[in-house]
Every structure is written in C-alpha cells, then in structure tokens.
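First to last, the protein sequences are chains W and R. Position 117 of the first sequence, counting from 1, maps to 127 under the numbering used here, and the rest follow consecutively. Position 2 of the second sequence, counting from 1, maps to 8 under the numbering used here, and the rest follow consecutively.
No wet-lab data here; the hints were simulated from the structure. Just so you know, not all the hints are guaranteed correct.
[What the hints assert, rightly or not] Derived lysine-lysine pairs resembling BS3-like cross-links, with alpha carbons at most 30 Å apart:
(1) R:K114 x R:K214
(2) R:K15 x W:K38
(3) W:K301 x R:K120
(4) W:K301 x R:K114
(5) R:K112 x R:K214
(6) W:K33 x R:K120
(7) R:K120 x R:K15
(8) R:K15 x W:K34
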Amino acid sequence: MATRSVSWSSFRRKGTVDRKDPKKVAAKVATYLILGILAFLFVFPYIWLVLASFKTPEAIFRPGFQLFPVDESGNLQFVFVNYTNALESLNLGRVFLNTMVVCVVNTALNLILNAMAGYAFARIDFAGRKWLFPFVLAAMMIPGAIMTIPNLVICQALGTIDTIWALILPFVMSIYNVFLMRQQFMGLSKELEEAAVMDGAGSLRVFFTICLPLVSPMLVVLGITTFMWNYSNFMWTLLALPTNNDVWTLARSLGELVSAGRSDPNRYPQMLAGSVITSLPLIVIFFVLQKYILQGISLGGVKE
Amino acid sequence: MRRIELSRKARNNFNGWLFILPLVVYFALFQLAPIILSFFYSMTDWNGYSESYTFLGLENYIEVFTNPILYPDFWPSIGTTFLYVLYTVPASLVLALVVAALLNSKIKGERFFKTCFYIPSVTAGVAVSAMWIYMLDPSYGLVGAINEAFGTDINLLHSSSTALPTLAFMSVWGGLGYNVLIVLSAMKNINPQLYEACEVDGGGAIRKFFHVTVPGVLPTLFFLLITSTIGGLQAFDQMYLMTDGAYGTTTVMLEIYSLYNDNSEVGMASAMSYILFLIIMVFVFIQYAVVPQSDSSGKRKKRRAYGDTLRLMVELQAEGNR
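Using the sequences and the hints given, assemble the complete structure.
The following block contains the structure:
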C-alpha cells in the first residue's frame with residue numbers, strides 16, 4: 011500500500027501540465043467540460059427528485075418545466091404532505107425496522123462466518139480441506155439470480171416463505187466472500203500467528219485477536235457491500251414475501267408503490283417522497299464511508 | 007514426538023471443522039439442496055403447493071422450446087435479453103474506458119467526479135426506477151416538459167421501439183460509476199515508464215491511449231465484459247418495475263418470475279432457470295475462448311491478468327453479483 015502511494019504521487023508530479031502549450035490547455039478545458047456535463051447528468055436527476063418531492067401534488071402535475079417547488083404565483087412553497095403520505099403507504103416505521111434487522115443481522119453474520127471459513131481454508135490444515143474447496147469454487151460460478159427459484163423451493167420446504175427468515179437464512183453467508191477472505195488470510199505473514207501459537211494461544215484466540223484485526227480493511231469493505239446489497243435487494247423479497255407486508259423491507263414496500271405509480275400518476279407524489287426516504291440512508295452511509303468504498307477496489311491488490 | 011504430532015493433527019481437524027461448520031451447513035442447505043431439489047422439480051409439473059405431481063423427465067425442457075402455444079414468450083424473452091445485453095455491455099465498457107481515461111489525465115477534482123458518477127450505484131434500484139418513471143412521464147416529468155414546450159408526444163416507455171433502449175440507457179447510467187472506478191484503478195497501476203517509453207518513440211496522447219492504456223486495462227475490461235454480460239442476462243428489477251414486460255421488455259428472468267408467480271409453474275420455472283444458467287455458461291466460455299486475456303502469452307502475464315481479475319472481483323460484490 012505504502013509503496014504504491016509513493017509511486018502515484020511521483021507519477022503525478024512528473025505529469026504536471028505545461029501551461030504554455032495551447033493545445034494542452036484546450037485538451038484540459040475539453041476534459042473538464044465533458045466531465046462537468048457528465049457529472050451534471052448524474053446529479054441533476056437527484057436534485058430534481060428531491061425538489062419535486064417537496065412540491066404540492068398540484069405543482070407536481072402542473073404542466074411545463076419547474077425545478078423549484080413554487081405555488082401558482084411563483085413563490086417558493088415547500089410542503090411535507092408527500093412525505094407524510096409516503097410514511098403511511100410505505101408503512102415506514104415497520105418496514106424500516108425490518109430492513110435494519112435484516113441488514114444488520116446478515117452483515118454481522120456474513121463478516122464473522124465468511125471470515126471463519128476463509129481462515130480455515132487459508133490456514134488450518136484439516137482433513138477434508140482439499141476436497142471441500144473445489145465445491146466452494148464451483149458454487150462461486152453460479153450467478154445469484156439463477157438461485158432464486160431453487161432457493162424459493164427450499165424456503166417453501168422449510169416453511170419460511172412470508173417470514174423474515176426468508177430474508178435472513180439464505181443470505182447469512184456468501185460463498186464468494188468466503189473466497190475473498192481466504193485470499194486475504196493467505197496474504198498475511200505467518201510469523202505473528204506462529205509466535206502466538208508458541209505462546210500457547212489456541213486457534214480461536216489467534217483468529218480473533220491477531221488475524222481478524224489484520225484484515226479489518228477488507229471486513230469494512232465487505233461489510234458495507236453486504237449491508238447495501240441486503241438493503242437494495244428487491245427481486246428476492248418480491249418472490250419470498252408475496253403477501254405478508256408485516257415483514258416487508260423498505261425496497262419491497264417502495265416497489266409496491268412504484269408498481270402502483272407506473273399505472274396511476276396520482277401516486278407520483280408519494281412515490282417521489284418514498285424514493286427520497288429509501289435512497290437517503292445508503293447515500294448518507296456512502297458519504298460517511300466514502301474513503302473506504304472508493305478505496306475498496308484496490309484492496310484486493312494490497313498483498314503483492 | 008509422534009504423540010505430539012498426532013494430537014496436533016487432531017486439534018487441526020477439530021478447529022478446522024469448527025470454523026468450516028457454518029459454511030458446510032449453509033452450503034448444504036442453500037446451495038446444494040436447492041440445486042438438487044429444483045433440478046428434480048424441473049422434471050415435474052409441480053405447482054408449488056399441491057401434494058401430487060407427475061414426473062415428466064425432460065419434457066419441460068423440450069416443451070419450452072417447441073410449444074409456442076403454451077409458452078409463447080420464451081423465445082422472444084431470450085431475444086429481448088440478448089438485445090438488452092447488446093445495448094448495455096459494449097456501451098458501458100467503452101464509456102467506462104473513456105471516462106476513466108479522462109479522470110486519469112491529472113485533473114483536479116477527480117474525487118468529486120468519481121463521487122458524482124458513483125451515486126446511482128449506492129441508490130437502491132427501486133428508488134432509481136421510481137425517479138426515472140417520473141422523469142420519463144409524457145405528461146408530468148422532464149419528458150412531459152419537453153412535450154409541452156415542443157408539442158411533441160414522446161413516451162419512451164410506452165413504445166416497442168424505445169422501451170428496451172431506454173431501460174438499457176438507464177442501466178448504463180446506473181452502472182457507469184462502478185465501471186469507471188474499476189477501470190480507473192487498473193489504469194493507475196500501469197507502469198508510468200511505459201508512457202515515457204511511448205513518448206520517447208514520439209507517441210502523442212492518442213497513441214499512448216491505444217498502445218499503453220488500452221492494453222494495460224485489457225484484463226480489467228475483459229473481467230467487466232464477463233460480469234456485465236452475466237448481470238445483463240439476469241436483468242429483472244427494471245423491467246418488472248418500469249414496464250412490467252410490456253413493449254418488448256420481457257426478459258428471461260421476468261418470464262421465469264411470471265411462470266412461478268402468476269402461473270404457479272414451479273417445475274417449468276425451474277427448468278427455465280437451468281436453461282438460463284446454461285446460456286450464461288455458454289457466453290462465459292465463448293468470451294474466455296475468443297477474447298485474449300492478455301496482449302501476449304507467457305506465464306507471467308497470464309498470472310498478472312489473473313491477479314488483476316481477482317483484485318477487481320472484490321468490488322463485484324458491491325453490485326450484488328447481479
């Protein structure tokens with residue numbers, strides 16, 4: 011990690027632009043222009059969505075382009091009526107609680123269980139490791155959506171359809187993340203562990219007090235992505251929770267509102283407010299943990 | 007001495023299986039059992055709730071291809087899905103390459119731009135769909151404002167010629183930030199000396215791009231090609247939420263969904279899942295066979311490409327393996 015950041019900065023210094031070359035200045039201007047327009051295309055829909063969600067329903071359905079929420083005489087007018095309506099039709103209190111339970115439980119279990127399995131594959135020489143691992147690799151090849159119907163069949167057999175267990179049990183681990191954790195542990199130097207074993211520490215203690223802290227950057231990235239995935243997961247909730255809206259998640263509940271809004275524009279005001287409510291938590295998490303998320307990509311390359 | 011060795015082995019076995027036990031249970035219950043059970047049901051006419059069903063052998067697999075009266079939407083859904091992949095994947099890759107190259111040209115505010123592009127990737131797909139439904143509405147949204155101003159009658163989601171391309175555009179928009187981040191991180195790992203060498207040879211910016219940058223990120227692009235093809239072949243959420251499969255947007259996953267949900271054809275839905283799985287595998291193998299992993303052979307290069315791919319797979323999970 012350290013060596014790379016050094017080479018990055020030296021790379022940047024070398025590449026400082028020669029400001030006098032008009033061709034290069036023009037290229038620079040064009041670059042900023044293109045990126046600026048693109049950035050606008052990415053941010054504008056969100057600005058528009060948020061502003062629209064504070065419009066009165068009457069203003070939402072007024073023809074013509076109006077960015078800001080204004081009343082008929084053109085004065086700014088922010089209202090919260092769409093939000094109060096959305097709270098009710100989303101059943102927000104309940105579904106938010108469900109979403110948090112599912113996300114927190116799945117993230118916590120994923121981190122610990124994936125790490126344990128990954129550690130065993132990387133470090134513990136137990137009987138059966140050699141023939142067990144190919145199964146993990148094979149399972150990794152199967153795309154997620156393909157497992158939807160098979161997993162529904164199992165959940166039916168277990169009787170978990172329409173219960174919150176259907177959102178938890180199939181997602182307490184991720185074979186793919188087991189593989190990533192194994193890669194992480196294989197990249198650690200063995201010396202620390204060996205020293206601890208010499209001191210008489212057992213596998214469990216070595217794992218929890220020495221190895222797990224060493225891979226914590228990876229745990230942060232996988233934790234964030236697991237949380238976000240469970241938060242946004244829609245297709246599975248649609249099929250596994252067909253009728254019992256007491257266990258719906260935020261995404262599932264908003265999905266119901268969106269399906270209704272698609273054919274009935276009268277639902278737009280609520281739908282817009284509901285989208286803002288649903289998007290907000292992840293966007294806040296993103297801005298708070300931005301550093302980790304944007305750096306997450308290079309993490310797998312730490313060991314070299 | 008021997009006794010110590012033995013007890014150590016026993017302890018390793020005990021600890022190893024203790025650590026691996028959750029995985030074994032999970033794997034058996036939510037990977038192996040579903041695959042086996044649903045493969046069995048794919049050879050039956052089970053409807054998901056009744057006590058009895060008939061064993062049909064491979065009949066479901068044959069029926070779905072050869073019975074256009076009972077399953078009229080299956081072939082078209084395959085065509086739609088392929089078309090969707092064709093619309094989204096090349097555009098996504100080319101755009102990601104260009105935008106990453108722009109971001110890599112020592113500009114200020116790199117992080118600001120990255121953040122802007124990445125926001126759709128951290129927005130729940132359902133909320134993104136809601137936003138676009140409103141924007142594209144022919145009477146009230148942004149498109150509505152255009153229709154009002156120019157007297158046009160644009161309704162992108164309600165026309166067979168524009169619905170699928172519109173969904174594809176949304177998908178490219180939504181995935182760009184993630185793709186750019188991945189390509190950019192590969193670009194930053196290109197050895198600066200390669201650029202200098204190219205410059206010494208008299209190469210300009212364009213030559214550097216095609217002779218150093220593109221070959222340098224080729225393994226990464228290849229990785230994105232595979233993962234976005236796999237993702238595109240499984241497209242569902244957008245189609246379900248925004249068009250409900252109307253106007254030529256019924257993908258295979260949507261067809262599987264409606265067979266399961268609306269018709270209770272668990273057997274047939276399972277069979278179709280297996281067919282889709284085979285299609286995906288065929289695509290992956292074709293891409294492995296046709297696309298070179300690295301610009302030239304040699305073990306070192308190959309291993310590097312493999313390492314790069316692994317590194318990038320970390321972020322794959324960010325997109326939920328879709």
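Hint-by-hint comparison with the structure:
Taking the CA atoms of K114 (chain R) and K214 (chain R), the gap is near 21 Å; set against the 30 Å cutoff, the hint holds. Restraint check for K15 (chain R) and K38 (chain W): the C-alpha separation of about 64 Å exceeds 30 Å, so the hint is violated. Of the pairs offered as hints, the one joining K301 (chain W) and K120 (chain R) holds, with about 12 Å between alpha carbons and a cut-off of 30 Å not exceeded. About 17 Å separates the Cα atoms of K301 (chain W) and K114 (chain R), which keeps this hinted pair within 30 Å; it holds.
Among the hinted pairs, K112 (chain R) with K214 (chain R) is consistent with the structure: their alpha-carbon atoms are about 15 Å apart, no more than 30 Å. For the proposed pair K33 (chain W) and K120 (chain R), the alpha carbon gap of about 26 Å is at most 30 Å, so the pair holds. Taking the CA atoms of K120 (chain R) and K15 (chain R), the gap is near 50 Å; set against the 30 Å cutoff, the hint is violated. Taken as a hint, the K15 (chain R) and K34 (chain W) pair is broken in the structure, with Cα atoms around 66 Å apart against an allowance of 30 Å.
Comparing the model with each numbered hint stated earlier shows that hints 2, 7 and 8 do not hold.
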